[in-house]
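Engineer: Assemble the whole structure, with the sequences as input and the hints as a guide.
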Amino acid sequence: MITLSVVVPVRDGERFILDALASLARNARRDFEFIVVDDGSVDETAAIVSESEVPGLSLVRNPAPVGLADARNTGLKLASGTYVTFMDGDDWLAPGYLADLVAAIDGLGCDFVRVDHVQVEGRKRVVHRAPEARRGLVLDPRDAILPAGVRTMVDYPYAWAGIYRRALGDLLRFPGSLHTAEDRPWIWRLHRQAASFGVVSLAGLFYRRGVSGSLTQIGDERQLHFFDAFELVFEDLEPEFAPKAVRNFCALFAHHLEIADRFTPELRRRFETRGAAMVRALPAELVADAVPRMSVEREQTLRALLPEIPAGVRVRREEP
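Per full-length UniProt numbering, the sequence shown starts with residue 1, numbered consecutively.
Any given hint could turn out to be false.
To be verified - Label pairs and their calculated CB-CB ranges:
no.: 1; residue 1: D100; residue 2: A260; range: 36 to 44 angstroms
no.: 2; residue 1: L139; residue 2: T264; range: 39 to 47 angstroms
no.: 3; residue 1: A22; residue 2: P265; range: 13 to 21 angstroms
no.: 4; residue 1: R269; residue 2: E308; range: 13 to 21 angstroms
no.: 5; residue 1: G149; residue 2: R61; range: 40 to 48 angstroms
no.: 6; residue 1: L137; residue 2: R262; range: 39 to 47 angstroms
no.: 7; residue 1: R30; residue 2: R166; range: 12 to 20 angstroms
no.: 8; residue 1: D261; residue 2: D43; range: 26 to 34 angstroms
no.: 9; residue 1: D261; residue 2: P63; range: 46 to 54 angstroms
no.: 10; residue 1: P265; residue 2: Q119; range: 30 to 38 angstroms
Because the hints were derived from the structure by calculation, they are not lab data. Quick caveat, the model's predicted, so the values are computed rather than measured. Even for Gly, the Cβ is constructed at its ideal location relative to N, Cα and C.
Structural biologist: In structure tokens form, the structure reads like this:
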């Protein structure tokens, strides 16, 4: 019987995949399985994985890239564990981390458990804590969406920062139409529809930030999927959560505008046009309340594009 399935999507990851595999080997147990999904790599990724001797590892190859969301979905279909977690192919795990994850969800008995992580930039290591301060308790996921004006669990969308009961089924599936921001509607749906969750103080996943070739660094048309992602967030959203979703979208839209130098002029124009149209379609009173709660820089960025946003009383809040 398999206790834990670890889904590892990777594309052209030859530079870092050995680190990921070595960390899986240091976490291996007889009741753990590791499912590497090679998403159409054209480098030596598949060969490196095929030649590895990590216990419990299997490799599935997509002939052509389908994107991170569907690569994860492929792994989910093959998973047989009671629980499932994720790791990207350019990240790595601390020894014993997976056993600690299993112990955490076994101990709480809830649908899913979220954890902290370590962000890596060169030699720099910084622990990033999940926003929920209540640790080691079984909580209602819906209670962790609000309040709107501060950072909450839906502002911490990383699928790899947690462990989930595979019995959650379709709640764990990612929107395959998206090639970026797929974790945004995913985390909102999980918190709106799952029955229980917890947060524990465990930071054993090392997340490489700023890797060349990652979607966070590339300014091509896939960045427009950010808007498709938030259309899914707003779809059938309960009115009580609308202020949070509006604030979430506006803050992230402003952030993308701040780093829009990675876009071609044509793509920037399309990004600004679509984003402005989405903001104008949102309830005006919620936008007017959300914008003054951002950083001064983000507020100015949005008002430069959308001068019709009403001025409001400035309130400093933490950004997502």
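Engineer: Which constraints among the numbered hints does this structure fail? Numbers only, ascending.
Structural biologist: 3 and 9
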